[in-house]
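Since each chain comes alone in its own frame, lean on the hints to assemble the complex.
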Amino acid sequence: MSRKPISASDLPCIQCNKCTHVCPQNMVDPAFTPRGYLLQALMGEGAELEAGPEVWRCLTCLKCREACPSSTDWVGLVRELRHNAKGKDQCFECKHGHLVQILQRMMANPAIEQKRLGWAEGLEFADRGEWFYFTGCLPYFDNMFTFGSHTSIAKATLKLLNAGGVVPVLSNQERCCGYECLWNGDRETFSKLAKLNIETIAATGAKKVVTSCAECFHTLKADYAEERELPFEVVHSVTLFAQWAREGRLRFRKTPTPGVTYHDPCRLGRYEGIYDAPRELLKGVAGDSFKEMERIRGDALCCGVGNFSNCDSNTKFLQHDRLLEARRTGAEVMVTTCPKCRIHYGCYLDGRPIEPVENLQVRDITEIAAEALEP
Amino acid sequence: MKNLIPDFADHLKTAGIAFDTRNVTPYASDASFLTMGKPGLIIFPNDEAQVLEVVGYASRNGIALTPRAKGSGTAGASIAPEGGVIVITDRLGVVNPFGRRLGLPTPRFYTAAGTEILRDALDSHRNDEVYARVGAGLSTEELDRILLPLGWQCAVVPSSGWSTIAGNFATNAGGNGTPKYGTFQNVVSYLKMVVSRPGGAEVVTVTDRDTIRDLAGGQGLYGIITELDVRIAPRLSKQELHSSFCSCLIDDVETLGEVVGAFMVEMEKVTRPIIAEFMMADKRLFKPGDKLLTHPEIGPLFDYPEGSYKFIMMYQGRRDEMAELASVANRFPKVTFQETGTETFKILLDLRKAATGKSPGRVAIPGFEDIYVQDPRDLGRVLKAIYSITEGSLPGRPIGHQYTGGLVIHYRPLASLNRAEYKLAWELTQRLCAEVCTERYNTVKRREHGLGLELYALSSPAERARLKALKARFDPVGIFQPHLMSESPDIRFVGDKLYA
Numbered sequence: 001m002s003r004k005p006i007s008a009s010d011l012p013c014i015q016c017n018k019c020t021h022v023c024p025q026n027m028v029d030p031a032f033t034p035r036g037y038l039l040q041a042l043m044g045e046g047a048e049l050e051a052g053p054e055v056w057r058c059l060t061c062l063k064c065r066e067a068c069p070s071s072t073d074w075v076g077l078v079r080e081l082r083h084n085a086k087g088k089d090q091c092f093e094c095k096h097g098h099l100v101q102i103l104q105r106m107m108a109n110p111a112i113e114q115k116r117l118g119w120a121e122g123l124e125f126a127d128r129g130e131w132f133y134f135t136g137c138l139p140y141f142d143n144m145f146t147f148g149s150h151t152s153i154a155k156a157t158l159k160l161l162n163a164g165g166v167v168p169v170l171s172n173q174e175r176c177c178g179y180e181c182l183w184n185g186d187r188e189t190f191s192k193l194a195k196l197n198i199e200t201i202a203a204t205g206a207k208k209v210v211t212s213c214a215e216c217f218h219t220l221k222a223d224y225a226e227e228r229e230l231p232f233e234v235v236h237s238v239t240l241f242a243q244w245a246r247e248g249r250l251r252f253r254k255t256p257t258p259g260v261t262y263h264d265p266c267r268l269g270r271y272e273g274i275y276d277a278p279r280e281l282l283k284g285v286a287g288d289s290f291k292e293m294e295r296i297r298g299d300a301l302c303c304g305v306g307n308f309s310n311c312d313s314n315t316k317f318l319q320h321d322r323l324l325e326a327r328r329t330g331a332e333v334m335v336t337t338c339p340k341c342r343i344h345y346g347c348y349l350d351g352r353p354i355e356p357v358e359n360l361q362v363r364d365i366t367e368i369a370a371e372a373l374e375p
Numbered sequence: 001m002k003n004l005i006p007d008f009a010d011h012l013k014t015a016g017i018a019f020d021t022r023n024v025t026p027y028a029s030d031a032s033f034l035t036m037g038k039p040g041l042i043i044f045p046n047d048e049a050q051v052l053e054v055v056g057y058a059s060r061n062g063i064a065l066t067p068r069a070k071g072s073g074t075a076g077a078s079i080a081p082e083g084g085v086i087v088i089t090d091r092l093g094v095v096n097p098f099g100r101r102l103g104l105p106t107p108r109f110y111t112a113a114g115t116e117i118l119r120d121a122l123d124s125h126r127n128d129e130v131y132a133r134v135g136a137g138l139s140t141e142e143l144d145r146i147l148l149p150l151g152w153q154c155a156v157v158p159s160s161g162w163s164t165i166a167g168n169f170a171t172n173a174g175g176n177g178t179p180k181y182g183t184f185q186n187v188v189s190y191l192k193m194v195v196s197r198p199g200g201a202e203v204v205t206v207t208d209r210d211t212i213r214d215l216a217g218g219q220g221l222y223g224i225i226t227e228l229d230v231r232i233a234p235r236l237s238k239q240e241l242h243s244s245f246c247s248c249l250i251d252d253v254e255t256l257g258e259v260v261g262a263f264m265v266e267m268e269k270v271t272r273p274i275i276a277e278f279m280m281a282d283k284r285l286f287k288p289g290d291k292l293l294t295h296p297e298i299g300p301l302f303d304y305p306e307g308s309y310k311f312i313m314m315y316q317g318r319r320d321e322m323a324e325l326a327s328v329a330n331r332f333p334k335v336t337f338q339e340t341g342t343e344t345f346k347i348l349l350d351l352r353k354a355a356t357g358k359s360p361g362r363v364a365i366p367g368f369e370d371i372y373v374q375d376p377r378d379l380g381r382v383l384k385a386i387y388s389i390t391e392g393s394l395p396g397r398p399i400g401h402q403y404t405g406g407l408v409i410h411y412r413p414l415a416s417l418n419r420a421e422y423k424l425a426w427e428l429t430q431r432l433c434a435e436v437c438t439e440r441y442n443t444v445k446r447r448e449h450g451l452g453l454e455l456y457a458l459s460s461p462a463e464r465a466r467l468k469a470l471k472a473r474f475d476p477v478g479i480f481q482p483h484l485m486s487e488s489p490d491i492r493f494v495g496d497k498l499y500a
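Heads up: the sequence lines are chains D and Z, in that order. Taking my numbering, the leading residue of the first sequence gets 1, the next gets one more, and so forth. Taking my numbering, the leading residue of the second sequence gets 1, the next gets one more, and so forth.
Hints were generated in silico from the structure; no laboratory data involved. Heads up, none of these hints are tricks.
As a list, the in silico DSS-like pairs of lysine-lysine whose alpha-carbon atoms are at most 27 Å apart:
1) Z/Lys346 x Z/Lys287
2) Z/Lys238 x D/Lys291
3) Z/Lys283 x Z/Lys384
4) Z/Lys13 x D/Lys316
5) D/Lys86 x D/Lys221
6) Z/Lys334 x Z/Lys346
Here are some chain Z residues the structure puts well away from chain D; computed CB gaps all over 10 Å:
7) Arg119
8) Asn127
9) Ser393
Label-pair distances were calculated between CB atoms; the ranges are:
10) D/Glu226 x Z/Asn442: 52 to 62 Å
11) D/Lys291 x Z/Arg119: 22 to 32 Å
12) Z/Tyr372 x D/Ala51: 41 to 51 Å
13) Z/Thr255 x D/Ser71: 33 to 43 Å
14) Z/Thr255 x D/Ala47: 54 to 64 Å
15) Z/Arg126 x D/Leu324: 26 to 36 Å
16) Z/Arg119 x D/Glu229: 53 to 63 Å
17) Z/Thr106 x D/Pro353: 22 to 32 Å
18) D/Pro258 x Z/Thr106: 24 to 34 Å
Glycine is no exception: its CB is placed at the ideal position from the N, C-alpha and C atoms.
Same shape as in the complex, but just chain Z (with noise of 0.2 Å):
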C-alpha cells in the first residue's frame, strides 16, 4: 500500500503549511497513556484557509484526520493510529499575522439569537445570555483573561481551564459552571466548521441549537471547529457570592453515602450552585505539619477519628440563589454547613483538585475511566463497593463533581513512579469500572474528557445510529477520526512501557 505522507508532506510545503514528520513520538499519546502507535505526520495550521487547504487534499486522496487541541487529553480520542496525520488546531483564530501565537484576540459578543453586542454595551446584558466569539484555539484561561477587565468570565470553566473552547465541546467538557449553565454542549450557540465534501472540502456554520447539542462531544468525529460562541456570565463580586462547604461524618461508608445523596438531592431543588465539588476527606492529602492542617475552617475538615469516614461538598453561586442551603443542612443532622470565605473556598477547591492525584512523586494512574451515578441516592451503594475493591490497595479516593442529574466520581489510585505500581493500579482501575459501573448501581462507564476511543463501544444502539447520521451528514467522506467508529477500539496503554 502506498503511504501517502509523503505527498502529503510536499503539498503543505508548497501551500507554505508547518508541519512535523521527524519527531512524531510526542503526539504518539496523550494524558490517557493509551497508544495505537507513532503517527506519521503532524501538521499545524494557522487559520480556516489552512485548514481548508489540509482537509481538502485529506477528503480527495482519503487521508484520515485526527483532530488535537490543547487540553490533556483523558481519553485517546487525540492520538491517532499508527503512521496516521494529527492536526493541531490550537493556533486556529489566536495567531498573530506573523503565525505567533502572542497577545489575546478581540472577541465579538452576541446575544443568544445572533444580534451583536458592542463591548461597552456588555454591561446592559448582565440578565441575558450573552456569547463570546473566538477562535477555536483560544483557552478558557486565556478569554477568561480577556473577559476580567470586562467584568465578565466564561460560564463554564473545565478545572485547569487551559484547554481550547473548541476542544472543550469536543469533548462536551464540564467544570465550574456546569451546575448552573450545563456542559459545553449547553454553552455552544454558534459553530463554524471545515467538513469534509466528495472531492474537497467546505466550511459549513451551525447555529440549531439541537444540532450543536449533537455535535457536542464528538471528539473531532465530524470535522475541524475554527470559530464558535461560547457563553459568558458576569463575574460576581464577593459580595455577590455564596461559598460554603458542608460535610457529613459517619463510621459506616454505605450509610454515609446514603445520607450525602438524599442531601443532594434535597439542596439541587431549592439552590443553584455555580459549583459543586465533593471529596472524600483524606489525611493522605497532606505532608506532616503542612500548614492547611493548623487552618482554622480546614484543619478541622481532615480531623476525623480513625475507621469513620468524611464526605465533604464544596458549594459556590449567586447569594440569593443559595440562600436556602443552610436551612437543607439543617434538617440532615448528620450533615454541618459552614459558609466561608473566597479565599479559604479558594483553598479547597486546590485541595479538592490535588485530590484526583496530580501530588509530587507520584502518579494519577491512566485510563480516567470515571464512575457516572445517575441518581445520588445510589450513592451510598456506590461508595460501599468502590471501598470493597479499593481499601487495602494503592492510595487513592473518590472525589467528584455534582452536576444537575447525576454525580461524577473520579477515583486515581495513585502510583509511585515504578512499572509494577503502574500495572496495578491500571488493573485496579479496570476492575472497578467493569465492578461498579454496571446497571446494578445504575451507574455507567465514563471517561472524564469524552468518551474518546470508546465513542461508539460504550453507546447505546440508538446513539450509534445518531453517530452515524451525523457522520453522514459532516463528514460524507469518512476521513474524520474513523478509528473511533469501532465497537472494540484497538486501545494499548503505553503506563507498562514507562520507567522501565
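Pulled out of the complex, with its shape left as it was, chain D reads as follows (with noise of 0.2 Å):
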C-alpha cells in the first residue's frame, strides 16, 4: 500500500466521548468505546488493543467521525490495527465460515477462470468500450444467500444504462474489488484483487466504470486510487441515473407504489457524501410515497454488519430498530443503494430472529427505478 500507516500520533483526540454517544456498537454493547479505544492506543497499548477483539467490533460506519470535532480517523486506526493483528495471525469470527473471505482469495489467483456473466444472457453488453459495469461479488452472492435475488440489482442496473443508450463492458475478468479483504486486514489480498481489476479495466478501453454497490464504488474510488492512479472515472449507478433522469435521457412513470423510504449506506453516505442523488431519483419514481426515517444522511444508522465480519446477536438488535425505523414511516419498501446492506436486512427479514417486522421489503434502488422505466 501507498497510503502511510496511521499511527497513535496521528490522532488529534481530545476524549470528548462524541464517538462513543454515536456510536451504533456502543448503543447495544456499553463496553465499547471508540474514545477509550483511542485513549488506551495513546497510551501506548495499541499492541493489546491488536490482541483484544475490540478491534474487529467496530462496524467501521464512520459516524464516529461525522460527531469528531477534531476528525480523529479512528476508523484508519482500527484499520491498521486489523492489519498489525492479521500479521499476527489474528482473526475474526465469521458467521458464513470467512466463506467471502476465501471466495475473495481465490479470485485474486491470476489463473483463476470464471464464468460469472450467465445472468446477462438476452442483455445488451460488450467486451470493449468506454464504459464498464463493475458487478462486484452479485453473480456470487444468489449462491451464497438463497433470499431474494442479487443478480436482479445487475439486471436492473444494465436495463437502466441500456436505457440511457449505453452498453457497457461486461468481463468474466472482473474480480472481487476486495472491500472486505482490505478491512479484515488482509492487505495483501486486496492489493492482488486490486491490480487485477485495474488492468482489466483497463485492458478494456474504458474510462467511466459503473458500479451498483456502495462498496465497490468506495473501494474503487478511494482505496483503488491509493494503490495507484487510476486511467477510468468512478460513479455509483444512483448518481448517474440521477443526472440522466434530470437531463430526460431516463424517464420514469410515476406508479402507484407502497410507501417507500431510503436507508443510506454507510460508504456511499459517510464515506463518499452522496445523500441526494438517491432521494432525487426515488422522488422521480415514488414521488410523494417517498418518506424520509428519523435517521437520515450523516446520522443514518449502519446495517449492523461491517465486511461480513462481526454479525451477532448485536447486529440484531441494530437491524431490527432500523426497520422499524422505516415501518414508522408508513414505508413498505426500505430501499437502499447497496447490495450488502439489503443481504444484511434481508438475513433479519428471513430469519426474524427477534420479532418479524411484518409488511417491510428491503429493495435495491436500481429495481425500483427499472420497474419503473418508461418503455
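Printed below as a string of C-alpha cells:
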C-alpha cells in the first residue's frame, strides 16, 4: 500500500466522548468505547488493542468521525490495527465460515477462470468500450444467500444503462473489489485484487466505471486510487441515473407504489457524501410516497455488519431498530443503494431473530427504477 | 491487603450485571487527561435495581465507587484511583427491555409543584415552569429530539448537548439557556438516587429545591442518580427569536476589556438572553481562503488591523426580552450592534465552539482550568493579564460565556501533536491560572465541567463543611468518590505520556 500508516500520534483526540455517544456498537454493548480505545492507543497500548476482540467489533460506519470535533480517524486506526493483527494470525469471527474471504483469495489468483456473466444472457453488453459495469460479487451472492435475487440488481442496472444509450463492458475477468479483505486486515489479497481489476478494466479501454454497490464504489474510487493512479473515473449508478433522469435521458412513470423510504449506506453516505442523488431518483420514481426516516444522511444508522466480520446478536438488535424505524414512516419498502445492506437486512427479515417486522421489503434502488422505466 | 475486585466481579456475574475487568485502560482518564492509574473494574448497570445491587454490595464490603456518565469529563471526576471501581451510568432509564440503548424513551411531564401534565396538554403550559422526568442516562441532545415534535426543548443545553442529564447535574453544567434559566442546579426539581446505608443501599427521592441546589456539582460524591426532572422550555420560532452580535475594536486590550465589561453590566440590566457567548476575534481560526471570510456578515468581523484587539459577543433570546439591546449598544460608541438571522448566528456559535480549540491537527490542551471573572467590570485587567502571559507563546484565545453574575473565560493553548508542545501548553495553562486566578483580579479558578478532583481543595471552609454534611447525610458509609474529599489530590497529567 502506498498509504501512510496511521499511528497513534496522528490522532488529535480530545477525549470528548462524542464518538462513543453516536457509536451504534456502543448502543448495543456498553463496553464498546471508541474514545476509550483511542486513549488506550495514545497511552501506548496499541498492541493490547490488536490482541483483543474490540478492534474487530468496530462497524467502521464512520459515525464517530461525523461527530468528532477534531476529525480523529479512529476508523483508519482500526484498519491499521486489523492489518497488524492479521500479521500475527489474529482473526475475526464470521458467521459464514469466512466464505467471502475465501472467495476473494481464490479470485486473487490470476490463473483462475470465472464464468460470471450467465445472469446477463439476453441483455446488451460489450467486450470493449468507454463504459465498464463493475458488477462486484452479485453473481456469487445468488448462490451464497438464499433470500432474494442479487443479480436482479445487476440486471436492473444493465437495463437502465441500456435505456440511457450505454452498452457497457462486462467481463469474466472481473474480480471481487477486495473490500472485505482490506477491512479485515488482509492487504496482500486486496492489493492483488486491485491490481487485477485495474488491469482488466484498463484493457477494455473503459474510461468510466459504473458500480451499483456502495462498497465497490468506495473501494474503487478511494482505496484503488491509493494503490495507483486510476486510468478511469468511478461512478455509482445512482448518481448517474439521477443525472440522466434530470437530463431527460431516462424517463420514469410514477407508479402507485406502497410507501418507500431510503436507507443511506455508510460507504455511499458518510464516506462519499452522496445523499441527494438517491433521494432525487427515488422521488422521481415514487413521488409523494417517499418518506424520510428519523435518522438520515450523516446520522443514518449502519446496517450493523461491517465486511461480514461481526454479525452477532447485537447486530440483530441494530437491524431490528432500523427496520422498525423504516416501518414507522409508513413505508412498505426500504430502499438502499448497497447490495450488502440489503443482504444484511434481508437476513434479518428472513430469520426474524428478535421479532417479525411485518409488511416491509428491502430493495435496491435500481430495481425500483428499472420497473418504473418508461418504455 | 485483599483484592476485593474478583469477589465483586463474581457477585456481578451471579446478579447478571455487565462488567469488565480485562480492558480497563479506556477508563484510566477522561477529557481532562488526568489520571490516578488504571481502575480494576468497570460496571455497566442497566437500571435502578442493578444500581441498588452494586451499591449494596460496595456498601457492605467497603468498596469505593466512581460514577461515570457519558460527557467529556474535563475535571477528572470520572476517573478512579488505581485498581478502583467505575460505575457507568449512561444506560440508566434509556435501555430497552433487552438492555440495548435503542430507541428513545417516553418521558412524563410535571409542573414545578410536581403535578403531572399530559403530553397533549403541554401547549397550555407554555408560560409555566415545566419539567420532563427522564432516566439518568438520557442526554440533552436525545431529550431535544424527543421534544422537537412537541414544540419544546431543554431549557439548558451544555455546548455539545451530548452529555447525560444526570452528568450535567453532577457537574452543575451551564450552557445555552444558562443566562436565562441558570446552571443545572436551577433546572432540576426532582432527583431519585441510590445512596449508601450501613449494611446496604437505599433509593431516596429529593424534591426540596435547596437540597437539590446543594447536591448539584457534587461530582458523584453522594450517590448514583437514576432519574430526575429537568426543566424544558417552549421552542421559539424564528420570528420570536432575536439573534445578534456586538463587537468592539480597540488597540489596547485593557481598555477593550473595560468597555466590554461596562457594556455587559448595562445590557444585563435590561435584557434577558438565552444565549450569551463571547470570543476574541482571531484570524488563525480560519484556513487561508476559507469561504466564511467572504461571508457578508461574518467576514468583516474578522477583518481588523494588526496590533488591535476585537471582542465579539453573541446574543440570542426572546425578541421582547432583547428589545433594549440595541439602545444599550448605542450608548457605547466603541460597541457596534448588528441583528442577524438564526442561520448566521448558528455559524457564529459554531465558530465560537471551534475557537475553544477543537481544530484538526492541533489539540486544545487539557487541564481545562477556567478563569471565572466575578464582576465583568474587571474584564480589562483580566484580559491584560492573560495577554501578558500568553502573547508570543502557543496559539490560543480567550473565549467564554457571559452568565448572569460573572464571566467564564476559557483559554486553551493549542498544541501540535508532540510531547514538547503538550508539555509547554500544560505549563502555560498552569501559569495562567496561578497568576490570573487571584483575589487581585477578583477571579477564581474553575474547571469547565465542575471542580472534579479539586472539588474539596478549591472549596472554602464553609463549602467544605457543607460538602461534609451532605456526605454524611447521603453517603454515610463513604463509598462514593472518597478521594475527592482530599485537600491535596494526587493529580497526574497523562499528556506528557502521550504522543511519545
